[in-house]
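These protein sequences, in sequence, are chains A and B.
The working numbering runs 146 ahead of the 1-based position in the first sequence.
The working numbering runs 13 ahead of the 1-based position in the second sequence.
Source of the hints: derived by calculation from the structure; they are not laboratory data.
Only a predicted model underlies this, so the values are computations on that prediction, with no experimental measurement involved.
From the three backbone atoms N, C-alpha and C, an ideal C-beta is built for every residue, glycine too.
Treat the hints with care, as some may be off.
Label-pair restraints from in silico Cβ distances [as the list claims (entries may be wrong)]:
no.: 1; chain 1: B; residue 1: Lys24; chain 2: A; residue 2: Ala196; range: 18 to 28 Å
no.: 2; chain 1: B; residue 1: Leu29; chain 2: A; residue 2: Asp341; range: 27 to 37 Å
no.: 3; chain 1: B; residue 1: Arg28; chain 2: A; residue 2: Gly401; range: 53 to 63 Å
no.: 4; chain 1: B; residue 1: Asn101; chain 2: A; residue 2: Ser380; range: 29 to 39 Å
no.: 5; chain 1: A; residue 1: Leu389; chain 2: B; residue 2: Ser162; range: 43 to 53 Å
no.: 6; chain 1: B; residue 1: Gly164; chain 2: A; residue 2: Pro434; range: 53 to 63 Å
no.: 7; chain 1: A; residue 1: Lys157; chain 2: B; residue 2: Lys167; range: 13 to 23 Å
no.: 8; chain 1: B; residue 1: Ala153; chain 2: A; residue 2: Thr414; range: 50 to 60 Å
no.: 9; chain 1: B; residue 1: Gln21; chain 2: A; residue 2: Ile181; range: 19 to 29 Å
no.: 10; chain 1: A; residue 1: Gly424; chain 2: B; residue 2: Ala153; range: 28 to 38 Å
no.: 11; chain 1: A; residue 1: Ser436; chain 2: B; residue 2: Lys70; range: 48 to 58 Å
no.: 12; chain 1: B; residue 1: Lys24; chain 2: A; residue 2: Asp161; range: 27 to 37 Å
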Amino acid sequence: MKDNELFKHFKDRSDSFNEPPGDQLWSRIEGQLNITPNSAMVRKGVMYKALIATGVIAIAGSIVIFNYLEKQNIEPAVIKTEQPQQIINEPVVTEPAPEEKQTVGDIPEEKPVIKEDSKKPEPKKDPVAVAAVKKEPAPAKKEAPATQKTTLPTTALKGEELKSKESETIEFTIKKEHDSLQTDHVNFNRVFSPDKLTKQPEFPGGTQAFYVQISRKFVVKQAIPEGDYKVNISFVIEKDGTLSNIKAIDDPGYGFSEQVIKAFSSLTQKWTPGQIDGRPVRTSYNLPFSINIKKG
Amino acid sequence: MTEQQLIQGCKKQDRLTQNHVYKTYGSKVMGICKRYMKDHERAEEMVMNTFLTVFQKINQYNNQGSFEGWILRIAVNCCLMELRKKTNFKNEVSTDDVSIPVLNNDSDLWRDDVEKMLNYLPEGARIVFNLYAIEGYKHAEIAEQLGISEGTSKSQLSYAKEKLKKTFFSSLTPKAANYER
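Looking at chain B on its own, in the form it has when it is part of the complex:
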């Protein structure tokens, strides 16, 4: 089915089409929800919320941008709405934390397991890093979505970058180098 056919089918609330949309975009939606929620069960709940929103608000999709893009943005928004209730973005950033040597020498081996690496970060930093590095949001957008200031967003990102680099990529960073911010 073409994208247009899927959209039309959804507007008619046709179950078969909706199921097809679920199967087509479900993996990527799940990927996003797992990145933000960490917990598998909560990720599933967010997937459910995402598709329910998609099917119930299909009439709000006005063909601007791709259908997939619209769906994935809804997924991110669902997760953020849930997370912003519980996450305190201000508590966690402390520059002392960054310089403490962590884990063991094997931490370099985690480099390919992005899930592990992201889960290592505290909640707020992880969310901001996800939004900035992977979703490509700007700090202004992040601040608005999360209800925080741009400054907080920037410091969370800074922290995430430093922590990740130091912990997992330290052998790639020459010791005397300036850290890019």
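Chain A on its own, in the form it takes in the complex:
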């Protein structure tokens, strides 16, 4: 057979590998796309958010100043000597100045608005305007920051599926950037189920031999009624072939589970571990045990 005949043979049939990948995989892809948006879009997003934040702070700041002005209606010089809490000359309206007892309840409202942005642009304020002040009840101010806050998320990019920054940083810190196209899992102690393996784990002599070993070590201690009992044991076969995480599912009682688990733990013979592409991996495994009790 000539080389190009051979190559043609394979090339012609290469479509036999084709297979539509399915919706489940699409959801995974979509999930990844939502987490790690295009860096250009991130920059735009940050820019927009910064602009909006600046605008909001400017507005909020000026509202605070305005309300503050309305509260007090006395000349600054007089105030200083008579009412110590009205330190009007200081242009610190948007910062949490503790001396201003009247407004202390309101200033903290400003904080959440400011903190939502990673950047802190200079708040625009006019310190001179502070000089003329009037008195007014505080509650009017509380509304302003609240409403400002709610507009912030909605004015984020329309048509964009970016989540707000808080949720990004809290939830998705595990996956790497896909520029490096790594697919290794961060958790190196992962346990695999048998269907994911390229080579199944084995007990020397086969599963039958394993059962024989277990039954030799299995001791019935209590008086148990005759009959058939079943218990399922799940365990992990480690990379070195030892067993761990031995658990009983569907415990029939009478101390059976404890006995079987004890028998497992007392075995010294190791398994050959399951493999994925030649690498031993931790495998989850399941074996049912059927025990028949007879009088005799």
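Given chain A, put chain B in place with the hints provided.
Just chain B, lined up with the frame of chain A:
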């Protein structure tokens, strides 16, 4: 949708367009990934990587060559990046191996099951054969992609050809003939 519309939609990161691209080219991408990765689950991971790369680097597509060609090349590259980490290309080729009679007389029946035949080859030979025979890469390109020498690429290909011919196509090859290299 035309190819241009798909590309434009992708550049806008429009989910619907991206989904359409996934459905349009997904089968062929999966075909490539299965050929290289063998394992179905790893093939799926490579499909995922491929499309993520396509959607995240859409701006690098400069309309040279077909969109499909660009996507399929990304698929091959994703698989190779993953495989070259783990595959040792030098260990496996031994001329003694080729002459050992293998399987049974039914091996001729496998001729139409290319998946089976390819999986029969050791990893390195399979990858090189895929790249040379099916993708049509030259040895220089293969060597660069895999980080091996051209000589290694050629010997892997040689091995793959001999093994496949002897195992699955032996009844077509006259016994006294020269093997073409």
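How the hints compare with the structure:
For Lys24 of chain B and Ala196 of chain A, the hinted distance range of 18 to 28 Å is satisfied, since their beta carbons lie about 24 Å from each other. At roughly 34 Å, the beta-carbon separation of Leu29 of chain B and Asp341 of chain A lies within the given 27 to 37 Å, and the hint holds. The hint said 53 to 63 Å for the Cβ distance between Arg28 of chain B and Gly401 of chain A, and at roughly 57 Å that hint holds. At about 36 Å, the beta-carbon gap between Asn101 of chain B and Ser380 of chain A stays in the expected band of 29 to 39 Å.
A hinted range of 43 to 53 Å holds for the C-beta pair Leu389 of chain A and Ser162 of chain B, which are about 45 Å apart. Between Gly164 of chain B and Pro434 of chain A, the C-beta spacing of about 54 Å keeps the proposed range 53 to 63 Å intact. At about 19 Å, the beta-carbon gap between Lys157 of chain A and Lys167 of chain B stays in the expected band of 13 to 23 Å. Checked against the given bound of 50 to 60 Å, the beta carbons of Ala153 of chain B and Thr414 of chain A, roughly 55 Å apart, stay inside it.
The hinted range of 19 to 29 Å is satisfied by Gln21 of chain B and Ile181 of chain A, whose Cβ atoms lie roughly 24 Å apart. Restraint check, Gly424 of chain A to Ala153 of chain B: a C-beta distance of roughly 29 Å satisfies the suggested window 28 to 38 Å. Range check, Ser436 of chain A to Lys70 of chain B: about 57 Å between beta-carbon atoms, so the 48 to 58 Å window is met. Distance hint check: the CB atoms of Lys24 of chain B and Asp161 of chain A are about 30 Å apart, consistent with the given range 27 to 37 Å.
Against the hints set out earlier in the document, no violation occurs for any number.
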